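Novice: Take a look at the letters that make up each chain.
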Amino acid sequence: MIEAAVSMSALGLGLGLLLGVAARRFHVETPPVVDAIDAILPGTNCGACGYPGCHGLAEAMAEGSAPVTACTPGGRDVALQLATIVDTGSDGAVAGMAETEPTVAFIFEDHCTGCMKCFKRCPTDAIIGANRQIHSVVVDACIGCDACIEVCPTEAIVKRVKPKSIKNWYWDKPQPAFGSGNGGYAA
Amino acid sequence: MGDFFFILLSTALVNNVVLVKFLGLCPFMGVSRKTDAAIGMGLATTFVLTLAAGASWMIEVLILQPLDLGFLRILSLILVIAAIVQFIETVLRKVSLGLHKALGIYLPLITTNCAVLGVALLNIQERHALAESLLYGFGSAAGFTLVLVIFAGMRERLAQLAVPGPFAGVPIAFVSAGLLSMAFMGFAGLAPN
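Protein sequences appear in the order of chains A and B.
If you're matching positions, the first sequence starts at 1 in UniProt numbering and goes up one per residue.
If you're matching positions, the second sequence starts at 1 in UniProt numbering and goes up one per residue.
These aren't lab readings, by the way, just hints derived from the structure by calculation.
Everything numeric in this text was worked out from a predicted model, so none of it was measured.
Mixed in with the good hints, there may be bad ones.
Below, a list of computed lysine to aspartate or glutamate pairs in the EDC-like style, where the Cα atoms sit at most 16 Å apart [said to hold, decoys possible]: (1) B/101 <-> B/89; (2) B/101 <-> A/101; (3) B/34 <-> B/156; (4) A/167 <-> A/101; (5) A/164 <-> A/140; (6) B/94 <-> A/29.
If we strip away everything but chain B, and leave its shape as in the complex, we get (with noise of 0.2 Å):
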């Protein structure tokens, strides 16, 4: 149970997919204008990641590894990654309309973010079994939506800033980006990895 705790507290804070690992900077940067849009595409993210993990896991334990096609791994899992991705897509627009309305267009988006691939690149290499692959999936999702979440709150207050002409825009963006990382850096020791 404590390995439990410790998986979500690492991927969450101490090895942040966005700060520590720098993956999925794009939507780090492309999405966190208004809060609200962050949080949207954080729970489409933890959505689509956790289930990920879990595929991944499937695809190198009953496909990868008995028929020792470890070179086909990143063909193979984004192949999985965007099928899934589109199957939720489907699916969510007949059963849930309003779901739909709020995740649907970040789903499309989430197909490309080199997140969830790195993460199930991540779990096949430190070799998790399945729960603890879903765990990782869903605590590296849970940092990436409250990282994201946090940035876009920043830039809010940003916009109203009178910040100087050559930092305005995405330049003050970038440095704020920098200082929440550094604060990030601060939970290292937390847990161990």
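With the rest of the complex left out, here is chain A (with noise of 0.2 Å):
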């Protein structure tokens, strides 16, 4: 018993010091802007992008082969953060990217067959749901990566807008009056 938690322990303890160790005299140094933009990337490698993981996205940006709008759930808000640490090469890429608000996927629950196929591809695990249950997703766990649309036997999932929230509510942007002369500004 005793020889066995004693003999355990030591292997246990041996091998993690040769792992902590060859982690240090190891260590590969990363280019900082890899660092950079994985930090600001969401994390949850969901895939959208077509590369293996928000890593090798943040490789492939910081190498110029990915434009930084290239993360969709991320949206406009990482792409600009994105643009102030990578060179962009153009500058319009931010620009002529949609305005878009934060979405979030929806199931219409009358098309639901519940098959499990979006439930096992959420890479967050905001969808709920059981076998040949309707299934539904959790809005605060969502970040509208799209996966669970694209495997849907039914089509039963669409993309929405992001409901509002005391958290995420902001004043909309003014825009200009149309029709009245002076641009609708006072004399």
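Since each chain comes alone in its own frame, lean on the hints to assemble the complex.
Specialist: Next comes the structure, spelled out in structure tokens:
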């Protein structure tokens, strides 16, 4: 009993030390810009950009082979933050991007067959439900990556604008009033 | 010398780890879509399996047998295999970036590969010495690589054929895996177990 505990502890400790020392000894410096991009990206590894995880996208972005707008769930906010640290090449990359609001998936319950396909695909576990039971989306956890929309066999999932809550509500942008001669401003 | 040759022949062809012992089926189906990926996975597995066979022999002889701790065998072997794979991955990234890019994404997959643990356990069951263990591991991995590459070639062909609807995709892959397995049964009797 004691032998077992001691020998396994020693084995675990030894291997842990070995890995710890190896991680220090063989540490590879990643370019700081990759780490910076990694910190901005959502980090959920949803794969919507087509790269293997957020780190893959960060590396591709650092070497310039991916645009700053590649992250779908991140949308415009993330693209703008990325544009401050990545050389975008052409200035219009972010400006041309539609100013989308954060979106979340929505499941039409009368089309849902409870097949569990979206449930398995969701990178953030935002879809709840069980086999042959109607699924639903946890809005707070959904990042709007579209992964579930692609796999749904009955096309029961659509993307909708994230419902406003006190936390994410903001004033609409002021629109210039059309029709009045001086653009709506008092003379 | 003849013994060693027979171990290689037996593990690689006659008692093939995938087609006869049915170990490591997940990478066999999962990483056989493209020949390139199959070669990468095969090389990484060869590397890890040989080392894991040696390491598990040491654990068995140096720790488990003297202390009579056979009931902790699976636990300690998994621990050691996972640590070795992680260690190799760390070192490889520093020493050879090219090799890391080629094998890197397959290495973490191998940690949970049942073929690696299975070969280590079989080694212990058959009471192999160190050299035999290493050879047994290497032979099994060579057989695994061979089968994986053959099967990837078959699946690349299959992808271009007009397969009847119900069989398209994974089902026809399983059917062809069965046929390949039957072909490998033809090696039975080539070498003593």
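Novice: Now look at each hint and say whether the structure bears it out.
Specialist: Okay, the hints, checked on the actual structure:
no., hint, in the structure
1, B/101 <-> B/89, "10 Å, holds"
2, B/101 <-> A/101, "37 Å, violated"
3, B/34 <-> B/156, "7 Å, holds"
4, A/167 <-> A/101, "14 Å, holds"
5, A/164 <-> A/140, "11 Å, holds"
6, B/94 <-> A/29, "9 Å, holds"
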